[in-house]
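Student: With these hints in hand, go ahead and build the complete structure from the sequences.
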Amino acid sequence: MTEFVLTPQLIVTAVIALLIGLWLGFIMRSGTKRRALDAEARIAALSFDFNTLLGERDALKLERDSLDERLRPLAAEVDRLKRLEARRTSAGAEVPVDMAADPAVGAVGDLDALDVRRLKGVGDRFAAALAKLGITRIDQIAAWSGADADVIDSQLGSFAGRIRTDRLVEQARLLHEGRTTEYETRFGAL
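Per full-length UniProt numbering, the sequence shown starts with residue 1, numbered consecutively.
Hints were generated in silico from the structure; no laboratory data involved.
Hints are supplied without guarantee of correctness; some may be wrong.
[As the list claims (entries may be wrong)] Restricting the straight-line Cα-Cα distance to at most 25 angstroms, the calculated cross-link-like pairs of lysine to any residue (SDA-like) are:
1) Lys120 to Gly146
2) Lys120 to Arg83
3) Lys61 to Arg137
4) Lys120 to Arg64
5) Lys120 to Arg186
6) Lys132 to Arg164
7) Lys120 to Leu190
8) Lys120 to Ser90
9) Lys61 to Ala189
10) Lys61 to Leu46
11) Lys120 to Ala91
12) Lys82 to Lys61
13) Lys120 to Ser47
14) Lys120 to Leu46
15) Lys132 to Val116
16) Lys82 to Val116
17) Lys33 to Ser47
18) Lys82 to Arg137
19) Lys61 to Lys120
20) Lys132 to Val169
21) Lys132 to Arg167
Tutor: Printed below as a string of structure tokens:
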């Protein structure tokens, strides 16, 4: 067995190796610290942006609600005028129409107007799923409360969640009340 001899060259090499190790450790640690500080700064900036976007979203919701309130009477007037024009043309051009006389909103003449397939997002399969639950007409959906919609939604199987995402109750109420202009503004042409 050989004996370990401590020579000045070995001591110098060990000290140099120790200093290089400490230096590398410091560099690696400072890089990690720098990345951590950068990540914290990015998180703070993203949090600020997120809060700003939430505020903008809320402001846009308020603006949308305000515009909806302004649109509602205008859409009702357009619908009233459409009904009057339809009545005038069906009665003949010679008959004067009293502009003040307007039938009750929501009077629906034909059964096709009541079919749930008129709602955006309701196709044949979804209509069949609703029919299994006894729902075949728009006026039934228009009468739902939030709790009613939740109960029906829980029974729809693969169509669960569609009542809220497709806004079926809102669509049904607009159509049932005869507010077609407002409906078409929000959901597109019938």
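Student: It remains to establish, for every hint, whether it holds in the given structure.
Tutor: Results of checking the hints against the structure:
With a C-alpha separation of about 19 angstroms, the suggested pair lysine 120 and glycine 146 falls inside the 25 angstroms cut-off, and the hint holds. For the suggested pair lysine 120 and arginine 83, the alpha carbons sit about 23 angstroms apart, so the restraint of at most 25 angstroms is met. Taking the CA atoms of lysine 61 and arginine 137, the gap is near 31 angstroms; set against the 25 angstroms cutoff, the hint is violated. Between lysine 120 and arginine 64, the direct Cα distance comes to roughly 21 angstroms. Compliance with the 25 angstroms bound is thereby established for this hinted pair.
Our distance criterion of 25 angstroms between C-alpha atoms is met by lysine 120 and arginine 186, whose separation comes to about 11 angstroms. Restraint check for lysine 132 and arginine 164: satisfied, since their Cα atoms lie roughly 19 angstroms apart, inside the 25 angstroms limit. For the proposed pair lysine 120 and leucine 190, the alpha carbon gap of about 8 angstroms is at most 25 angstroms, so the pair holds. Proposed proximity of lysine 120 and serine 90 is contradicted: the alpha carbons are some 29 angstroms apart, above 25 angstroms.
Distance hint between lysine 61 and alanine 189 is fulfilled; the C-alpha atoms sit about 23 angstroms from each other, no more than 25 angstroms. Proposed proximity of lysine 61 and leucine 46 is supported: the alpha carbons are some 22 angstroms apart, at most 25 angstroms. At most 25 angstroms may separate the alpha-carbon atoms for a hinted pair to count; lysine 120 and alanine 91 exceed this at roughly 32 angstroms. The straight-line distance between the Cα atoms of lysine 82 and lysine 61 is roughly 30 angstroms, outside the 25 angstroms bound, and the hint therefore fails.
Of the pairs offered as hints, the one joining lysine 120 and serine 47 is violated, with about 37 angstroms between alpha carbons and a cut-off of 25 angstroms exceeded. Taking the CA atoms of lysine 120 and leucine 46, the gap is near 37 angstroms; set against the 25 angstroms cutoff, the hint is violated. Between lysine 132 and valine 116 the CA atoms are separated by roughly 13 angstroms; this keeps the pair inside 25 angstroms, and the hint holds. Distance restraint check for lysine 82 and valine 116: the Cα-Cα separation of roughly 23 angstroms lies within the 25 angstroms cut-off, and the hinted pair is therefore satisfied.
In summary, the hint linking lysine 33 to serine 47 is supported, as the alpha carbons are separated by about 21 angstroms, within the 25 angstroms threshold. Note on lysine 82 and arginine 137: the hinted pairing holds, with a Cα-Cα distance of about 23 angstroms set against a maximum of 25 angstroms. The straight-line distance between the Cα atoms of lysine 61 and lysine 120 is roughly 22 angstroms, inside the 25 angstroms bound, and the hint therefore holds. About 18 angstroms separates the Cα atoms of lysine 132 and valine 169, which keeps this hinted pair within 25 angstroms; it holds.
Note on lysine 132 and arginine 167: the hinted pairing holds, with a Cα-Cα distance of about 20 angstroms set against a maximum of 25 angstroms.
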